[in-house]
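Asks: Okay, here's what each chain looks like letter by letter:
4 protein chains.
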Amino acid sequence: MTHTPIRLGMVGGGKGAMIGEVHRIAARLDNRFALVAGALSSTPERNAESAAACGIPPERSYDDFAGMARAEAARPDGIEAVAICTPNHLHFPAARAFLEAGIPVICDKPMTSTLEDARALATIAEAAGVPFVLTHNYSAYPQLRLAREMVARGDLGSIRLVQVEYAQDWLTEDSGSKQAAWRVDPARAGAGGSIGDIGTHAYQLARFVSGMLPERLAADLTSFVPGRRVDDNAQVMLRYASGAKGALWCSQVAPGTENGLKLRVYGDRGGLEWAHETPETLWFTPFGQPAQKLRRGAQTMAGSRVPPGHPEGYLEGFANLYAEAAEVIRAYQAGTPLQTLLPGIRDGVEGLEFIDACLRSARADSAWVEVHHG
Amino acid sequence: MTHTPIRLGMVGGGKGAMIGEVHRIAARLDNRFALVAGALSSTPERNAESAAACGIPPERSYDDFAGMARAEAARPDGIEAVAICTPNHLHFPAARAFLEAGIPVICDKPMTSTLEDARALATIAEAAGVPFVLTHNYSAYPQLRLAREMVARGDLGSIRLVQVEYAQDWLTEDSGSKQAAWRVDPARAGAGGSIGDIGTHAYQLARFVSGMLPERLAADLTSFVPGRRVDDNAQVMLRYASGAKGALWCSQVAPGTENGLKLRVYGDRGGLEWAHETPETLWFTPFGQPAQKLRRGAQTMAGSRVPPGHPEGYLEGFANLYAEAAEVIRAYQAGTPLQTLLPGIRDGVEGLEFIDACLRSARADSAWVEVHHG
Amino acid sequence: MTHTPIRLGMVGGGKGAMIGEVHRIAARLDNRFALVAGALSSTPERNAESAAACGIPPERSYDDFAGMARAEAARPDGIEAVAICTPNHLHFPAARAFLEAGIPVICDKPMTSTLEDARALATIAEAAGVPFVLTHNYSAYPQLRLAREMVARGDLGSIRLVQVEYAQDWLTEDSGSKQAAWRVDPARAGAGGSIGDIGTHAYQLARFVSGMLPERLAADLTSFVPGRRVDDNAQVMLRYASGAKGALWCSQVAPGTENGLKLRVYGDRGGLEWAHETPETLWFTPFGQPAQKLRRGAQTMAGSRVPPGHPEGYLEGFANLYAEAAEVIRAYQAGTPLQTLLPGIRDGVEGLEFIDACLRSARADSAWVEVHHG
Amino acid sequence: MTHTPIRLGMVGGGKGAMIGEVHRIAARLDNRFALVAGALSSTPERNAESAAACGIPPERSYDDFAGMARAEAARPDGIEAVAICTPNHLHFPAARAFLEAGIPVICDKPMTSTLEDARALATIAEAAGVPFVLTHNYSAYPQLRLAREMVARGDLGSIRLVQVEYAQDWLTEDSGSKQAAWRVDPARAGAGGSIGDIGTHAYQLARFVSGMLPERLAADLTSFVPGRRVDDNAQVMLRYASGAKGALWCSQVAPGTENGLKLRVYGDRGGLEWAHETPETLWFTPFGQPAQKLRRGAQTMAGSRVPPGHPEGYLEGFANLYAEAAEVIRAYQAGTPLQTLLPGIRDGVEGLEFIDACLRSARADSAWVEVHHG
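Residue numbers (the UniProt record's numbering), protein chains in the order written: chain A, 1 to 374; chain B, 1 to 374; chain C, 1 to 374; chain D, 1 to 374.
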């Protein structure tokens with residue numbers, strides 16, 4: 001089979017943006033995408049510089065996403081997909097522009113900066129019938145796909161507990177970095193701080209693996225760093241309709257943690273544990289039996305490029321999303337839509353519903369509130 | 001210095017009781033105590049059998065603690081201390097009997113089965129002026145002593161977060177064992193299940209290391225196993241007067257966990273992490289610096305019997321309590337009271353205040369409640 | 001059953017000797033022994049002091065082992081067993097004295113300071129028919145007993161490889177401590193340094209678990225610390241009659257290691273791994289299947305005092321030897337000898353055969369030499 | 001700066017070859033190379049298929065490397081570098097063809113299948129003055145670069161011990177896979193089996209970090225699997241001119257190991273430990289101080305794409321080689337040769353000297369032999 005990469009555009013992610021480079025590496029790792037157009041930075045000068053550095057020809061380096069969507073939609077060799085890596089508040093208008101132009105979107109999380117926008121985007125995307133992928137990248141790790149499958153087929157019995165946490169330390173102090181600046185600015189990040197930036201990852205992962213969304217939650221949000229206007233730590237308790245319980249902790253002020261996402265799920269017949277520090281290992285503990293160490297490449301080859309013991313990590317996991325997105329986009333072009341486990345619009349809405357519920361709870365002195373679904 | 005062991009009595013802890021044997025091993029490990037009297041079991045036959053197995057002479061094997069307290073107090077060679085290892089509801093009357101007889105008490109946790117009893121016992125103990133040690137054994141691990149010291153001297157800066165958990169799996173199903181039976185019976189264990197049995201350990205440890213007690217908490221208690229009358233899982237959020245936040249999770253239904261006590265404390269300048277699986281290691285992570293692995297025997301020799309790399313564990317930690325209790329008892333006899341870090345009456349009252357607050361919160365649909373101190 | 005402890009004497013192990021205290025704790029941990037006599041130290045003053053500290057009455061504190069053996073053998077309440085904890089060169093005469101007096105011996109390793117002594121002691125012990133236990137304590141860890149059993153029943157298939165190592169760092173520099181002094185003095189330790197002190201442990205463990213003794217070895221012994229007269233590091237290659245191969249590394253100059261004994265055994269159908277840092281875990285990896293974490297107390301309850309997750313360690317392992325020795329001694333007294341897995345005279349001879357072969361190889365520029373058995 | 005990828009050709013590495021895909025991913029991960037020509041497979045049909053799958057135009061898909069070298073050297077847009085991923089015996093003729101055509105070479109290890117070829121290639125490469133990179137990829141992990149630097153600046157003091165091992169299990173049985181077939185065929189792999197395939201990696205890494213080559217070695221090579229014509233396990237002892245000692249173990253028949261490369265280096269003032277399972281952590285243990293956990297991205301940012309806690313692994317490490325090779329190639333084209341730490345011709349010759357010494361030792365019943373350098 002001759003290989004032709006998908007023509008990819010990118011919005012945001014210019015010089016100095018960590019996540020933009022992650023998207024670019026992930027897109028090219030499996031050679032399924034070629035970056036050909038972009039509106040990478042917000043000032044003309046940096047924009048030109050960023051485009052050159054990425055090998056984007058000047059005529060396809062655009063000042064803004066609106067112009068880019070129009071121009072690319074009009075080209076016979078226009079982009080076949082766009083990656084959106086801007087600060088959160090621009091996700092909605094940018095995604096809308098491309099979806100309405102019929103161009104599949106691969107969008108960073110959280111999907112939007114408000115729940116209203118998320119729901120509006122869902123309506124738009126569903127009406128357009130165009131693929132939309134949200135980069136909750138952790139759910140593309142092979143061992144978490146396996147975890148989901150094991151829960152679904154009953155290996156753990158009936159689920160009782162979902163314990164998830166995501167701890168970082170990079171906002172322990174006011175760093176003043178560009179990365180940090182927009183993430184702690186409600187105007188650009190949305191009203192959620194750590195709950196939006198990493199809490200949504202934890203929430204999506206818990207849902208992805210357990211198959212369950214909570215009915216109610218109580219959230220204690222804190223801004224520890226003086227002057228910070230968004231939460232940098234959140235303790236959240238979760239209740240599920242089934243009677244299951246959960247806890248979610250996210251923090252960006254826990255010194256010594258790095259990118260500490262960890263999920264534990266317990267049923268009446270067994271447990272699972274996964275930690276991002278060792279992403280290729282899934283621990284399975286059937287009640288009363290020895291723990292089993294399930295390894296990428298040994299017990300699960302899908303989503304792997306190299307054999308067990310040749311560590312794959314964050315970029316490969318992210319690339320799994322892109323590889324699967326490529327399948328979805330080609331299938332869409334062929335008129336034969338594909339069902340996959342890729343996170344999408346629903347995950348995006350659920351993420352904002354989570355943020356919204358946390359904020360409502362926090363405003364009510366961390367009382368229990370309903371999580372609105374729909 | 002010639003060595004003379006302290007004459008020890010024991011109430012409860014007869015045949016088939018795991019914790020009784022733990023107390024006996026801990027008491028003799030450092031050769032500071034000799035077990036000479038007891039009321040070990042509740043039926044005469046098993047009582048005699050238990051006494052014989054422990055080398056207690058028949059004339060000092062008693063039917064009940066009341067008689068034992070009277071008789072031993074009257075002997076010139078009577079016991080100099082008593083270990084109380086009964087189900088929780090008997091801690092109070094037994095401890096009272098010995099304290100009132102002027103005999104120092106080493107008592108299992110939780111201290112009593114109700115907060116009223118705990119406060120009453122505090123009054124009695126303080127009036128009697130007799131040593132009382134509560135076996136929150138984890139706080140006697142050298143690395144947790146070190147942790148406390150590091151927090152106290154400011155190595156972590158100002159404390160922001162206290163995350164503590166204690167997960168077990170042995171009550172995942174109804175086992176019908178003797179160990180299990182009284183722990184899930186409110187008449188003998190008290191109204192708290194997992195929160196009393198292991199939650200109080202977690203709570204005491206968090207307090208011991210952080211130096212802080214929470215002002216308020218919200219607790220979601222669950223009985224997952226059908227028919228169980230006490231909680232077997234608890235999610236608890238904690239708020240401290242300083243603005244610090246915390247979370248406590250305890251569970252006895254998490255398959256694959258064993259005796260998973262874990263504490264993490266984060267300040268604005270560093271973090272600490274300790275897990276019971278590797279009790280001889282304390283992780284210290286000054287913000288922005290490499291994590292340091294602080295090892296028993298290498299960085300802390302106090303509380304050690306053998307050099308680093310010769311694992312000491314649960315029994316040695318428990319024995320540390322007994323060794324320190326021996327010092328306290330000898331000092332008490334000498335009329336020169338000793339200040340130590342041993343858990344005692346205050347920890348006992350605080351533990352019941354914690355249980356009480358959890359139960360009040362649970363009755364109010366897990367609302368936030370004050371933790372009453374005093 | 002009424003409990004009567006075995007009357008124990010001790011030779012060596014007085015003040016300042018780490019291993020003497022280990023023996024005493026191990027002996028009393030399960031309450032099977034009572035220390036009643038001793039010749040603990042080599043000077044009268046320290047001897048009296050050591051005896052008092054151990055609760056040994058002055059009239060049973062002896063100047064030397066010979067007098068002690070005579071006197072105790074003559075008493076109606078004389079010792080029923082003796083623990084020998086002296087520097088190596090005294091093991092032989094002391095053990096001989098007690099064995100010839102009909103008193104069972106629990107002796108530190110290596111068994112003697114020369115192979116000739118070892119063989120002579122074997123002859124004496126076998127003639128006397130008196131129990132002799134050599135404290136290769138690691139082989140009493142429950143997970144290593146399990147490992148042996150798994151190899152023996154073929155879980156690993158045919159054994160191909162035995163990789164064992166024992167690394168410490170306490171002799172990295174000349175410390176001048178009492179512990180160190182005799183261990184690096186050939187007159188007291190024997191001609192082997194690290195190979196005698198820890199290499200024999202590694203060798204015995206490899207043999208215990210694999211069930212095999214090597215036919216030939218090549219040993220590269222080094223004294224890294226200037227002026228040191230015995231080896232502080234040894235690289236040894238092993239060949240077995242079956243065609244299996246092995247490697248043994250022991251070192252006392254590897255900074256950062258503590259008491260790093262580690263064993264890996266591989267067959268044509270599976271592998272086992274055990275490390276002293278986590279003595280309660282045995283890893284079993286059947287070829288092509290997930291690794292299984294076999295835990296003390298969960299998969300093996302024998303040799304346990306407390307449930308899984310309540311760490312037992314070095315002292316408990318050592319105590320397992322004493323507990324089993326108590327069974328052997330009582331059976332011996334009853335005239336019904338007991339077969340156990342306790343290390344004994346044969347292990348002692350084999351250890352000296354190992355040292356001897358290493359020294360012969362080293363003298364021949366680390367050439368391959370036969371390991372003499374017999 | 002506008003970005004122009006280097007035009008890359010590839011020899012070998014067609015369909016079904018794991019390492020070919022690794023090279024391709026590594027080459028494109030940082031967008032420094034574009035694959036434009038190849039002689040990927042040995043049969044015309046698979047060759048065409050492989051080329052198409054890689055996006056190589058048919059006119060630049062060649063039947064053999066000789067024709068490819070000629071044709072590409074003649075094109076104005078000819079390749080600027082070639083990656084050689086064939087079985088070992090073809091490395092020499094292929095590398096020679098491209099070097100003589102003035103085309104930089106990135107070659108898989110071991111460099112050749114005989115020591116004679118290796119030395120001949122060294123002569124050719126040095127005469128040609130064309131860059132040659134050998135893909136000892138592990139030496140491009142940031143934490144191993146850091147390790148080398150720490151040894152070089154004396155953080156460990158004077159080096160005493162180098163313990164290296166590389167254990168796999170994929171050849172435990174005769175698998176019959178294509179990967180396995182040529183690696184156990186002396187005609188294609190060379191006379192070394194595991195020592196060539198993975199032993200050379202271990203040897204190069206030990207040398208890279210310690211800065212030392214051994215003077216003498218003794219090697220015990222074994223073919224455990226019946227009928228196998230090359231070694232699948234090797235125990236090797238190493239002696240250095242400085243008096244330092246070492247051990248190297250490599251195995252492809254150790255069930256449960258995956259790709260278990262591990263290096264430990266000990267000096268008189270500290271130790272280092274690194275294991276491939278956790279490639280982003282380097283343990284540093286200054287003697288008498290707590291162990292420090294040095295993390296990629298935290299203590300070393302060079303060679304990183306994402307922050308600590310976002311695991312980078314095997315492919316990123318491999319890509320580090322390619323990224324650095326890109327610098328070298330551009331500098332070569334500019335006539336300003338660059339000194340780097342990239343493994344090259346010298347490492348290749350040393351690898352074959354190692355294999356040669358192991359084979360000579362094995363033929364002499366594992367006697368000590370000189371390692372010929374030069």
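Hints are supplied without guarantee of correctness; some may be wrong.
No copy is singled out in the list; a pair is fine if it fits within one copy or between any two copies.
What the hints assert, rightly or not - Keeping only pairs whose Cα atoms sit at most 20 Å apart, straight-line, the calculated EDC-like set for lysine to aspartate or glutamate is:
1) K15 with D30
2) K262 with E49
3) K15 with D64
4) K15 with E173
5) K262 with E59
6) K15 with D63
7) K15 with E49
8) K293 with E100
9) K178 with E49
10) K262 with D63
11) K293 with E149
12) K15 with E59
13) K293 with E49
14) K262 with E149
15) K15 with E45
16) K262 with E273
17) K293 with E116
18) K178 with E116
In case anyone wonders, no lab produced these hints; they're calculated from the structure.
Asks: With reference to the structure, classify each hint as holding or not holding.
Replies: Here's how the hints hold up against the structure:
no.	hint	in the structure
1	K15 with D30	between (23 Å within a copy, 15 Å between copies)
2	K262 with E49	neither (38 Å within a copy, 42 Å between copies)
3	K15 with D64	within (16 Å within a copy, 42 Å between copies)
4	K15 with E173	neither (24 Å within a copy, 50 Å between copies)
5	K262 with E59	neither (44 Å within a copy, 50 Å between copies)
6	K15 with D63	within (15 Å within a copy, 42 Å between copies)
7	K15 with E49	within (8 Å within a copy, 38 Å between copies)
8	K293 with E100	neither (46 Å within a copy, 50 Å between copies)
9	K178 with E49	within (17 Å within a copy, 46 Å between copies)
10	K262 with D63	neither (40 Å within a copy, 50 Å between copies)
11	K293 with E149	within (16 Å within a copy, 22 Å between copies)
12	K15 with E59	within (19 Å within a copy, 37 Å between copies)
13	K293 with E49	neither (47 Å within a copy, 38 Å between copies)
14	K262 with E149	within (18 Å within a copy, 29 Å between copies)
15	K15 with E45	within (11 Å within a copy, 44 Å between copies)
16	K262 with E273	both (8 Å within a copy, 15 Å between copies)
17	K293 with E116	neither (43 Å within a copy, 45 Å between copies)
18	K178 with E116	neither (27 Å within a copy, 56 Å between copies)
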